[in-house]
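Work out the full structure, taking the sequences as your base and the hints as a guide.
Protein chains in written order, with our numbering: chain A, 1 to 193; chain B, 1 to 193.
I should point out that these hints are in silico values taken from the structure, not numbers from a laboratory.
One should not assume that every hint holds.
Treat identical chains as interchangeable: a pair holds within one or across any two.
[Stated by the list, open to error] In silico SDA-like links for lysine to any residue, alpha-carbon gap of 25 Å or less:
1. Lys41 - Phe158
2. Lys41 - Leu134
3. Lys51 - Asp165
4. Lys51 - Glu113
5. Lys51 - Ala73
6. Lys121 - Gly10
7. Lys41 - Arg136
8. Lys121 - Pro167
9. Lys121 - Arg190
10. Lys121 - Glu95
Number of protein chains: 2
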Amino acid sequence: MTRWKPDAQGRLMKAAIELFAERGYDATTVTEIAERAGLTKRTFFRYFADKREVLFSGAEQLAEVWLRGVGDAPADAEPLAIVTAGFEPLAGIFEERFEFARLRAQIIAANPELVERELIKLQGLAGELERALLARVVSLNAAILAAQTGMTVFHVAFARWVEQDDPTSFGRLLAQSLEELREVVAAIPRPAV
Amino acid sequence: MTRWKPDAQGRLMKAAIELFAERGYDATTVTEIAERAGLTKRTFFRYFADKREVLFSGAEQLAEVWLRGVGDAPADAEPLAIVTAGFEPLAGIFEERFEFARLRAQIIAANPELVERELIKLQGLAGELERALLARVVSLNAAILAAQTGMTVFHVAFARWVEQDDPTSFGRLLAQSLEELREVVAAIPRPAV
Numbered sequence: 001m002t003r004w005k006p007d008a009q010g011r012l013m014k015a016a017i018e019l020f021a022e023r024g025y026d027a028t029t030v031t032e033i034a035e036r037a038g039l040t041k042r043t044f045f046r047y048f049a050d051k052r053e054v055l056f057s058g059a060e061q062l063a064e065v066w067l068r069g070v071g072d073a074p075a076d077a078e079p080l081a082i083v084t085a086g087f088e089p090l091a092g093i094f095e096e097r098f099e100f101a102r103l104r105a106q107i108i109a110a111n112p113e114l115v116e117r118e119l120i121k122l123q124g125l126a127g128e129l130e131r132a133l134l135a136r137v138v139s140l141n142a143a144i145l146a147a148q149t150g151m152t153v154f155h156v157a158f159a160r161w162v163e164q165d166d167p168t169s170f171g172r173l174l175a176q177s178l179e180e181l182r183e184v185v186a187a188i189p190r191p192a193v
Numbered sequence: 001m002t003r004w005k006p007d008a009q010g011r012l013m014k015a016a017i018e019l020f021a022e023r024g025y026d027a028t029t030v031t032e033i034a035e036r037a038g039l040t041k042r043t044f045f046r047y048f049a050d051k052r053e054v055l056f057s058g059a060e061q062l063a064e065v066w067l068r069g070v071g072d073a074p075a076d077a078e079p080l081a082i083v084t085a086g087f088e089p090l091a092g093i094f095e096e097r098f099e100f101a102r103l104r105a106q107i108i109a110a111n112p113e114l115v116e117r118e119l120i121k122l123q124g125l126a127g128e129l130e131r132a133l134l135a136r137v138v139s140l141n142a143a144i145l146a147a148q149t150g151m152t153v154f155h156v157a158f159a160r161w162v163e164q165d166d167p168t169s170f171g172r173l174l175a176q177s178l179e180e181l182r183e184v185v186a187a188i189p190r191p192a193v
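Okay, here's the thing in structure tokens:
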């Protein structure tokens, strides 16, 4: 189910997430992470600025994959369709990291400081999605609404995915959450004109 | 256009926001705020825990008014209609505070620490909206999607409101943003079943 990369970085991530889960995030030191991974502190700092970055270094790849999907969307696609065009490649990379994602979600939920950091990172990514939409000459409001809404759908699907046991379900949960959003929005009465 | 309350709390808020705008948030002290308001530091601390709280003490009232609107929504209303039922009373209280809201938005945008705090507060409010929806036996996913989507619409309308000059336009901007969201979501192709 889990596929930890056997390289130094993968070993450090595995060691860190295990220690965070066992002892708590605050109580774990970089020295202990390196020790558990059978590596030196110096090697740790070659890959991560601090222990928090073990949890957030994946954010750049998330952004990169999502934005690449956005870039590959057809030129005439609607704003929200452009945003959700990144979902399929995203599902692929997340499925490979199910165990890490699940433990990571638990560790973050237990630490308000990490929740803040996560919100800021996701908000930053929503901003990048907005800029990618604006570059396609989408209106500013449509860009913000589509980027934020796409982020909400991603967030909901992600929370559902880490609470169940099938690593391969992420793509399906993304599609389901998008469909539920459509229903939630379609159900409000049209305004009187 | 501005209606600062003439009481001590209102005078402190006015003094604080003016000083933040003139000198920057970091460079302003509680002593200076109290002095500008013609009051003592002791009086300041009767109303606010610190200078940051001058900017965020309104969040409780925002939550209270929004949740009261949610509580007053018809029993059979759809989830997103329940969330947006709070918009009308919200527009009323914000219009009275246009000048404060506008300066506040600029001060927050210029300080990453305040942006974080704002995101956390809004995320907390989205959580309260979710719980209010769940109490009405809405499904968990619909509750999260409706609460987050309602928050996005609020956020977009708010950003537009503080960038123009008509204090009375907030209600109209909320309705417009909701309609734009509807268009953005309706425009995505239905999934192949």
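Results for each hint:
| no. | hint | in the structure |
| --- | --- | --- |
| 1 | Lys41 - Phe158 | neither (32 Å within a copy, 47 Å between copies) |
| 2 | Lys41 - Leu134 | neither (43 Å within a copy, 47 Å between copies) |
| 3 | Lys51 - Asp165 | neither (27 Å within a copy, 47 Å between copies) |
| 4 | Lys51 - Glu113 | both (13 Å within a copy, 21 Å between copies) |
| 5 | Lys51 - Ala73 | neither (36 Å within a copy, 46 Å between copies) |
| 6 | Lys121 - Gly10 | within (22 Å within a copy, 35 Å between copies) |
| 7 | Lys41 - Arg136 | neither (45 Å within a copy, 52 Å between copies) |
| 8 | Lys121 - Pro167 | within (23 Å within a copy, 32 Å between copies) |
| 9 | Lys121 - Arg190 | neither (34 Å within a copy, 30 Å between copies) |
| 10 | Lys121 - Glu95 | within (21 Å within a copy, 32 Å between copies) |
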